[in-house]
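Peer 1: Sequence:
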Amino acid sequence: MIKTDDGRAVTSDGVNWQVQLWREHQSITWGGMGRPETRWGYLVAGVWSIAAGFERFPIDPMLDVAAIEVPSQRLITRIAQHCDGLPFAPMDSLELWLLDHDSRLPLALLASTGERENCERVSDARWRASVPSDRSFVSDTLLQHGDFARRLHRGSAFHRDAIAAFVNDTAGKPPMAQWIERGPGGGGNGLGGIRLDASLVGRCLSPEMFPELLVREHWPDPRAQALVHDFHLWQAPLLLTLTQISRSTRAFWETLASSQAEVVARLHRLYPEIVNEDVVNATLVEAAIRRGAR
1 MIKTDDGRAV TSDGVNWQVQ LWREHQSITW GGMGRPETRW GYLVAGVWSI AAGFERFPID
61 PMLDVAAIEV PSQRLITRIA QHCDGLPFAP MDSLELWLLD HDSRLPLALL ASTGERENCE
121 RVSDARWRAS VPSDRSFVSD TLLQHGDFAR RLHRGSAFHR DAIAAFVNDT AGKPPMAQWI
181 ERGPGGGGNG LGGIRLDASL VGRCLSPEMF PELLVREHWP DPRAQALVHD FHLWQAPLLL
241 TLTQISRSTR AFWETLASSQ AEVVARLHRL YPEIVNEDVV NATLVEAAIR RGAR
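Using our numbering, the letters of the sequence shown correspond one by one to residues 1 to 294.
It cannot be assumed that every hint is accurate.
[As the list claims (entries may be wrong)] Listed next, with one range per pair, are the computed distances between beta-carbon atoms: (1) G155 / G53: 26 to 32 Å; (2) R290 / E120: 17 to 23 Å; (3) L256 / M1: 17 to 23 Å; (4) D102 / R39: 37 to 43 Å.
[What the hints assert, rightly or not] Under the rule of at most 20 Å between Cα atoms (straight-line distance), these lysine to aspartate or glutamate pairs were calculated in the EDC-like manner: (5) K3 / D13; (6) K173 / E117; (7) K3 / E69; (8) K173 / D140; (9) K3 / E55; (10) K173 / E55; (11) K3 / E117; (12) K3 / D100; (13) K3 / D124; (14) K173 / E115.
Derived by calculation from the structure, the hints in this document are not laboratory data.
Computed from a predicted structure; not experimentally measured.
We treat Cβ as the ideally placed atom computed from N, Cα and C, and that holds for glycine.
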């Protein structure tokens, strides 16, 4: 993310940037009834890339176009100056972790932020495997173990809902989540959270108490461990953007991520380190060949 005094630019691939401006806006839609409420928040002004330039989104006609265009161009100039320096140092030192019901240790990552005021805006402690529109996760474990799959599916045909049910069941009901401020060494200090036991506030957690990836990797049930491995395999190109994983873990997932060459090609600019350069370069070549064959 790149920030200025009046906006920010965010990217999920290091190529396409969403330009967001910090603006005062009305809380009702155009033509709506009732008295509008004025609030401050980020307005998406448009998207920018080196190849396509800036595409400005339609804006409220009550807004001054110059008040959008000038700060947008200021942000675009900053992007052009700094995008070659990707990946940037991580800013999100505050992480919201769903807690295991029994151990009260971090189980799955729910959210992260670099600003404490954002912590108060999150009130949902349910873990989700993907955004609602993404139904592409398929687990070989669920396909091979019908009884295990039936227990988790809960009427849904999608594997992403099955693993979400499993993780959320492990958290118990009602689920408990804690904001933890991570330090440079990987440990963390416990802050507040959602339905949090007050005795957990202020605790110190060592690096070993955190899952290295997005969800705890080790489970007593082999089928559960295999299910979580399937999920991590699906997310492998994204996992390589994490900064807290060891070199051995990174090398392992670089190899497995090669099966999703085009996703690696989209995300590799955000990888903080590459251990197996030959593997990743071969993956990028494969992605280029696939694109050229279309």
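Peer 1: Against the earlier hints, flag every one the structure doesn't satisfy and list their numbers going up.
Peer 2: 1, 2, 3, 6, 8, 10, 12, 13, 14
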